[in-house]
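Produce the entire structure from the sequences given, and follow the hints as far as they go.
Heads up: the sequence shown begins at 1 in UniProt numbering, then just goes up one per residue.
Hints are computed from structural coordinates only; laboratory data are not their basis. Be aware that one or more of the hints could be misleading.
Straight-line alpha carbon distances no greater than 30 Å define the calculated BS3-like cross-link-like pairs of lysine-lysine that follow [what the hints assert, rightly or not]:
#	residue 1	residue 2
1	Lys242	Lys48
2	Lys264	Lys274
3	Lys51	Lys75
4	Lys222	Lys40
5	Lys31	Lys233
6	Lys245	Lys233
7	Lys42	Lys204
8	Lys51	Lys231
9	Lys42	Lys231
10	Lys42	Lys31
11	Lys45	Lys222
12	Lys45	Lys199
13	Lys15	Lys242
14	Lys21	Lys31
15	Lys92	Lys74
16	Lys191	Lys214
17	Lys191	Lys80
18	Lys26	Lys16
19	Lys26	Lys42
20	Lys44	Lys199
21	Lys40	Lys204
Listed next, with one range per pair, are the computed distances between beta-carbon atoms [said to hold, decoys possible]:
#	residue 1	residue 2	range
22	Lys207	Glu11	52 to 62 Å
23	Leu123	Ala169	33 to 43 Å
24	Lys92	Glu200	45 to 55 Å
25	Glu173	Asn64	25 to 35 Å
26	Leu35	Arg56	48 to 58 Å
27	Leu35	Glu11	32 to 42 Å
This structure is a prediction, so every number in the text was calculated from the model and none was measured. Yeah, the Cβ is synthetic: ideal placement off N, Cα and C, and Gly gets one too.
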Amino acid sequence: MSNSATNSAEEAIYKKIAEIKDEISKLKQEKTQALEDLNKLKQKKLEKIEKLKGIRSQIDTVRNEFSLRLEELKKLKDRKQQLLQEIQGMRKQFDEIKAILQKTQGLDIDAIERRIQSLEWRLQTSSLPLDEEKRIVQKIAELEKKLGEARKMLEIKEKGTVERAEYLAKRIELSTIRQQIASIITELSQKRNILNSLKEDREKTKKEIDEINKQIEEIRNKIGNINNQIKEKNNEIENYIKQLKGEKVEATSSRPTREEIIEKKKKIAEEKLKSGQRLTFEELLILYGENDKEDGKDSDNIY
1 MSNSATNSAE EAIYKKIAEI KDEISKLKQE KTQALEDLNK LKQKKLEKIE KLKGIRSQID
61 TVRNEFSLRL EELKKLKDRK QQLLQEIQGM RKQFDEIKAI LQKTQGLDID AIERRIQSLE
121 WRLQTSSLPL DEEKRIVQKI AELEKKLGEA RKMLEIKEKG TVERAEYLAK RIELSTIRQQ
181 IASIITELSQ KRNILNSLKE DREKTKKEID EINKQIEEIR NKIGNINNQI KEKNNEIENY
241 IKQLKGEKVE ATSSRPTREE IIEKKKKIAE EKLKSGQRLT FEELLILYGE NDKEDGKDSD
301 NIY
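In structure tokens, the structure reads:
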């Protein structure tokens, strides 16, 4: 291969190597950008994980509050049911007392006692026929019965007054409990809404983390592919360098030696001498064995 062809081949290889190095440089820039994107995604993932932990903590807190208020609601409902039963029983008693009082309405304890004393005094101080005495005794017995009923009604009335105060207290407590129940139900409804919202946030954040994981995996694959491309490009450069070395070796090995050139020129000089042509000074030197003198001229003329 001629020097011109060798140089042209080497230039093509050098050009190709330069192009590959430029491609490697661009790949490294792309890798640097991918690594920056990867770090940003990792940071974003950490932030999302912290957010998820916060949401889960809030969910636990709201659930605990919800359970406590639910237990309180159950106790209030139990107390409400108890009060309703007690009030219903007291109402029944009041109705019975009212019916008894209506039957004994108009009984005067003092008047009855005075009437009994008057009749007893008459029995003690008067001489009465047997029939009259018997009638008075029966009357006294009737009056004592009425007196007993009147006293009983008085006790019932007094007890009813006390029970009515207790009844009113229970009604007030029942009203308060109903308000507390309504308030807790409203609060539970709000907490349920908060809980549902937090659960939606939790699921949304989990999906965002999954999406970030997917993006991270894609970028890692991309970086892996870039590394493989860079490795392949470096291998190409190594191959071209080997090829370049091979070109130089080939060019060197195909170049004729000094002895070969001298022998060739010697043959040409002999042919010219036979044909009677005029020989040059160099050809004379080669022909008569003076070609190996080191006078500084030979090598330039030979090559």
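Hint check results:
Of the supplied pair hints, the one linking Lys242 and Lys48 is violated, its CA atoms being roughly 52 Å apart against a limit of 30 Å. In summary, the hint linking Lys264 to Lys274 is supported, as the alpha carbons are separated by about 16 Å, within the 30 Å threshold. Restraint check for Lys51 and Lys75: the C-alpha separation of about 36 Å exceeds 30 Å, so the hint is violated. For a cut-off of 30 Å, the pair hint linking Lys222 to Lys40 stands: about 16 Å separates their Cα positions.
The hinted pair formed by Lys31 and Lys233 meets the criterion: a straight-line CA distance of about 14 Å does not exceed 30 Å. Between Lys245 and Lys233 the CA atoms are separated by roughly 18 Å; this keeps the pair inside 30 Å, and the hint holds. The suggested pairing of Lys42 with Lys204 holds, with an alpha-carbon distance near 18 Å, which does not exceed 30 Å. At roughly 40 Å between alpha-carbon atoms, Lys51 and Lys231 are farther apart than 30 Å, so this suggested pair is violated.
A threshold of 30 Å between alpha carbons decides the hint, and for Lys42 with Lys231 the separation of about 26 Å falls inside it, so the pair holds. With a C-alpha separation of about 16 Å, the suggested pair Lys42 and Lys31 falls inside the 30 Å cut-off, and the hint holds. With a CA separation close to 19 Å, the supplied pair Lys45 and Lys222 stays within the 30 Å bound. Under the criterion of a C-alpha separation no larger than 30 Å, the hint pairing Lys45 with Lys199 is consistent with the structure, at around 19 Å.
This hinted pair checks out: Lys15 and Lys242 have alpha carbons roughly 15 Å apart, not beyond 30 Å. Among the hinted pairs, Lys21 with Lys31 is consistent with the structure: their alpha-carbon atoms are about 15 Å apart, no more than 30 Å. Taken as a hint, the Lys92 and Lys74 pair is honoured in the structure, with Cα atoms around 27 Å apart against an allowance of 30 Å. Only pairs whose Cα atoms come within 30 Å are accepted, and Lys191 paired with Lys214 is rejected, the gap being roughly 34 Å.
Between the alpha carbons of Lys191 and Lys80 the distance comes to roughly 23 Å, so the proposed pair stays at or under 30 Å and holds. Simply put, Lys26 and Lys16 have alpha-carbon atoms about 15 Å apart, close enough for the 30 Å limit, and the pair holds. For the given pair, Lys26 sits about 24 Å from Lys42 by alpha-carbon distance, which is consistent with the 30 Å threshold. The suggested pairing of Lys44 with Lys199 holds, with an alpha-carbon distance near 21 Å, which does not exceed 30 Å.
Distance hint between Lys40 and Lys204 is fulfilled; the C-alpha atoms sit about 20 Å from each other, no more than 30 Å. At about 57 Å, the CB distance of Lys207 to Glu11 agrees with the hint of 52 to 62 Å. Taking the beta carbon of each, Leu123 and Ala169 are about 51 Å apart, not inside 33 to 43 Å as hinted. Judged by the Cβ atoms, the range 45 to 55 Å given for Lys92 and Glu200 holds: they are separated by roughly 52 Å.
In this structure the hint that Glu173 and Asn64 lie 25 to 35 Å apart at CB holds, the actual value being about 28 Å. The given range of 48 to 58 Å is broken by Leu35 and Arg56, whose C-beta atoms sit roughly 31 Å from each other. The hint said 32 to 42 Å for the Cβ distance between Leu35 and Glu11, and at roughly 36 Å that hint holds.
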